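Each chain, written out:
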Amino acid sequence: KAGVTQTPRYLIKTRGQQVTLSCSPISGHRSVSWYQQTPGQGLQFLFEYFSETQRNKGNFPGRFSGRQFSNSRSEMNVSTLELGDSALYLCASSLGGGRYGYTFGSGTRLTVV
Amino acid sequence: AQTVTQSQPEMSVQEAETVTLSCTYDTSESDYYLFWYKQPPSRQMILVIRQEAYKQQNATENRFSVNFQKAAKSFSLKISDSQLGDAAMYFCAYFYNNNDMRFGAGTRLTVKP
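Taken in sequence, the protein lines are chains A and B. Using my numbering, you'd call the opening residue of the first sequence number 1 and step up by one each time. Using my numbering, you'd call the opening residue of the second sequence number 1 and step up by one each time.
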């Protein structure tokens, strides 16, 4: 059974640019959550999508957005990148929520220069 | 708001010995889920163990066990017979009712040969 696939693994962008990250969940999983991980702030919740609808949203500015497609694949977009957006972005999938735990991808390391 | 606290930023253990990682959380709910995740240098978060709050019995997965004290809101992880491959960041996490999963700041575990 394939795991959670995140692409790309590494990304370098310039301030002011925008970026799109992709996440393919485990087959059959309908929930996809996104987290930002930094040494200073730890794991911070961005948003969760369930059956193409945003179910939960964290406390991030509107520059951070996401969507989920009918095949449960999800993308997150960050517009007008700032240096502080440099982080590891983790995607996690689950059948219908977190009660059984999440399965995480290996993350996308975003560096903004 | 639910918060998760890991008071030990770093811990070390001798190979084959036992180590306990601490976690406390704050909640007013009675039916929730607790988890321990491991994040090795490969970056992928791996689910180690899961505990349902309405079950008094402590969860066990091979060399990993928890001490769940619901009244004290404490959820510690015990690793027995520590192995070099156990070296990683360990995160305690809380989940309730289709909200986002909340993570502690993590404990970096070093295993000495």
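A hint or two may mislead.
So the derived label-pair ranges between C-beta atoms look like this [unchecked claim]:
id	chain 1	residue 1	chain 2	residue 2	range
1	A	53	B	70	31 to 39 Å
2	B	84	A	109	37 to 45 Å
3	A	22	B	16	41 to 49 Å
4	A	53	B	112	44 to 52 Å
5	B	16	A	3	26 to 34 Å
6	B	54	A	27	37 to 45 Å
7	A	12	B	70	30 to 38 Å
Only pairs whose alpha carbons sit at most 20 Å apart, straight line, appear in this in silico SDA-like list of lysine to any residue [claimed, not checked]:
id	chain 1	residue 1	chain 2	residue 2
8	A	57	B	60
9	B	70	A	99
10	B	55	A	101
11	A	13	A	101
12	B	73	A	99
Simulated from the structure, these hints should not be mistaken for laboratory data. On a predicted model such as this, the values are computed, not experimentally measured, just so you know. Quick reminder that beta carbons are idealized off the backbone N, C-alpha and C, glycines included.
Results for each hint:
At roughly 33 Å, the beta-carbon separation of residue 53 of chain A and residue 70 of chain B lies within the given 31 to 39 Å, and the hint holds. The supplied range of 37 to 45 Å is broken by residue 84 of chain B and residue 109 of chain A, whose beta-carbon atoms lie about 25 Å from each other. Distance hint for residue 22 of chain A and residue 16 of chain B: a CB-CB separation of about 42 Å, consistent with the stated range 41 to 49 Å. Residue 53 of chain A and residue 112 of chain B have their C-beta atoms about 48 Å apart, which keeps the hinted 44 to 52 Å range intact.
Remark: the range hint 26 to 34 Å for residue 16 of chain B to residue 3 of chain A is upheld by a beta-carbon distance near 31 Å. Look at residue 54 of chain B against residue 27 of chain A: about 30 Å separates their beta carbons, and that is not inside 37 to 45 Å. Separated by about 46 Å at the C-beta atoms, residue 12 of chain A and residue 70 of chain B break the suggested range of 30 to 38 Å. Using a Cα cut-off of 20 Å, the hinted pair residue 57 of chain A and residue 60 of chain B is violated, with the two alpha carbons roughly 33 Å apart.
Restraint check for residue 70 of chain B and residue 99 of chain A: satisfied, since their Cα atoms lie roughly 17 Å apart, inside the 20 Å limit. Among the hinted pairs, residue 55 of chain B with residue 101 of chain A is consistent with the structure: their alpha-carbon atoms are about 16 Å apart, no more than 20 Å. Between residue 13 of chain A and residue 101 of chain A the CA atoms are separated by roughly 32 Å; this puts the pair beyond 20 Å, and the hint is violated. Between residue 73 of chain B and residue 99 of chain A the CA atoms are separated by roughly 18 Å; this keeps the pair inside 20 Å, and the hint holds.
The structure fails to meet hints 2, 6, 7, 8, 11 from the earlier list, while all remaining hints are met.
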